[in-house]
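First to last, the protein sequences are chains A and B.
Read in order, the letters of the first sequence correspond to residues 8 to 118 in this note's numbering.
Read in order, the letters of the second sequence correspond to residues 39 to 153 in this note's numbering.
Hints were generated in silico from the structure; no laboratory data involved.
A few of these clues could be false.
In silico DMTMM-like links for lysine to aspartate or glutamate, alpha-carbon gap of 20 Å or less [claimed, not checked]:
| id | chain 1 | residue 1 | chain 2 | residue 2 |
| --- | --- | --- | --- | --- |
| 1 | B | K51 | B | E138 |
| 2 | B | K95 | A | D74 |
| 3 | A | K75 | B | E113 |
Distance ranges between label pairs, derived from CB positions [to be verified]:
| id | chain 1 | residue 1 | chain 2 | residue 2 | range |
| --- | --- | --- | --- | --- | --- |
| 4 | A | R62 | B | T118 | 46 to 52 Å |
| 5 | A | P89 | B | R101 | 27 to 33 Å |
| 6 | A | R68 | B | N139 | 37 to 43 Å |
| 7 | A | L117 | B | R136 | 24 to 30 Å |
| 8 | B | L121 | A | R62 | 44 to 50 Å |
| 9 | B | R136 | A | V20 | 18 to 24 Å |
| 10 | A | G90 | B | N139 | 24 to 30 Å |
| 11 | A | N29 | B | G96 | 22 to 28 Å |
| 12 | A | R68 | B | Q79 | 45 to 51 Å |
| 13 | A | V27 | B | L121 | 36 to 42 Å |
| 14 | B | N139 | A | V27 | 22 to 28 Å |
| 15 | B | R149 | A | V20 | 41 to 47 Å |
Quantities reported herein were computed from a predicted structural model and do not represent experimental measurements.
Just so it is clear, CB atoms sit at the ideal spot from N, CA and C, and this is done for glycine as well.
Here is how the chains run, residue by residue.
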Amino acid sequence: KQEVTQIPAALSVPEGENLVLNCSFTDSAIYNLQWFRQDPGKGLTSLLLIQSSQREQTSGRLNASLDKSSGRSTLYIAASQPGDSATYLCALLSGGQNFVFGPGTRLSVLP
Amino acid sequence: KAGVTQTPRYLIKTRGQQVTLSCSPISGHRSVSWYQQTPGQGLQFLFEYFSETQRNKGNFPGRFSGRQFSNSRSEMNVSTLELGDSALYLCASSLVLRRENTEAFFGQGTRLTVV
């Protein structure tokens with residue numbers, strides 16, 4: 008059974024810092040990994056999708072990497088802004104037809 | 039291109055009642071999945087439909103059911119509501135071509151409160 012953890016659970020940084028969010032998973036037989044952000048009380052917004060054959064994906068200030076052999080993915084956010092404050096979740100598509108989600112990292116970027 | 043639409047956005051129900059939630063996927067997407075999100079359990083998978091067939095089901099009691107129509111719109115139903123069913127219910131749609139590039143797009147959710 009796929010299990011996903013995210014470290015840290017919460018993070019508070021001053022504006023302008025570069026930061027890294029971590030996602031770990033137990034079963035490396037995945038099809039893809041997706042990073043989402045969620046604002047309080049809202050739905051999930053897709054940020055990046057990394058297919059199993061890929062090592063990383065980039066979108067603007069965001070860069071996500073995937074290392075299946077070690078069961079890890081990282082989301083790198085460059086030059087953080089207050090608008091980046093949200094909960095960030097990683098999710099994996101493996102054997103079944105559903106994504107398995109991590110518990111999320113709650114990020115606060117202070118002006 | 040319209041996103042995933044969930045209705046209603048908010049619901050308040052009484053214990054013992056039943057509720058139906060609706061999800062309209064992105065045009066052309068044939069896969070619809072439902073998730074329950076609570077502060078204690080995080081995001082948990084309920085079920086997934088593809089071309090009107092339930093392909094996968096999570097570990098929820100039989101009070102939770104769903105269906106998908108020929109236009110890919112989906113509904114989920116919860117009968118005999120319990121206080122613990124209070125949650126944000128999220129729907130996701132996907133254009134499934136190959137597993138590797140299956141990307142989930144979520145709606146804004148339905149906030150269900152059971153009193």
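Cross-check of the supplied hints:
1. K51(B) / E138(B): 39 Å, violated
2. K95(B) / D74(A): Between K95(B) and D74(A) the Cα gap is close to 29 Å, so the pair fails against 20 Å, i.e. violated.
3. K75(A) / E113(B): Cα-Cα ~35 Å, so violated.
4. R62(A) / T118(B): 46 to 52 Å: Given range 46 to 52 Å: holds, Cβ gap about 48 Å.
5. P89(A) / R101(B): 27 to 33 Å: At roughly 42 Å between Cβ atoms, R101(B) and P89(A) fall outside 27 to 33 Å, so the hint is violated.
6. R68(A) / N139(B): 37 to 43 Å: 23 Å, violated
7. L117(A) / R136(B): 24 to 30 Å: Once the Cβ atoms are compared, 42 Å apart, the range 24 to 30 Å for R136(B) and L117(A) is violated.
8. L121(B) / R62(A): 44 to 50 Å: 46 Å, holds
9. R136(B) / V20(A): 18 to 24 Å: Check failed, 37 Å falls outside 18 to 24 Å.
10. G90(A) / N139(B): 24 to 30 Å: 28 Å, holds
11. N29(A) / G96(B): 22 to 28 Å: 26 Å, holds
12. R68(A) / Q79(B): 45 to 51 Å: For Q79(B) against R68(A), whose Cβ atoms are near 31 Å apart, the range 45 to 51 Å is violated.
13. V27(A) / L121(B): 36 to 42 Å: Holds: the Cβ-Cβ distance is about 39 Å, inside 36 to 42 Å.
14. N139(B) / V27(A): 22 to 28 Å: 25 Å, holds
15. R149(B) / V20(A): 41 to 47 Å: Since R149(B) and V20(A) have Cβ atoms about 29 Å apart, the given range 41 to 47 Å is violated.
The earlier numbered hints that this structure contradicts are 1, 2, 3, 5, 6, 7, 9, 12, 15.
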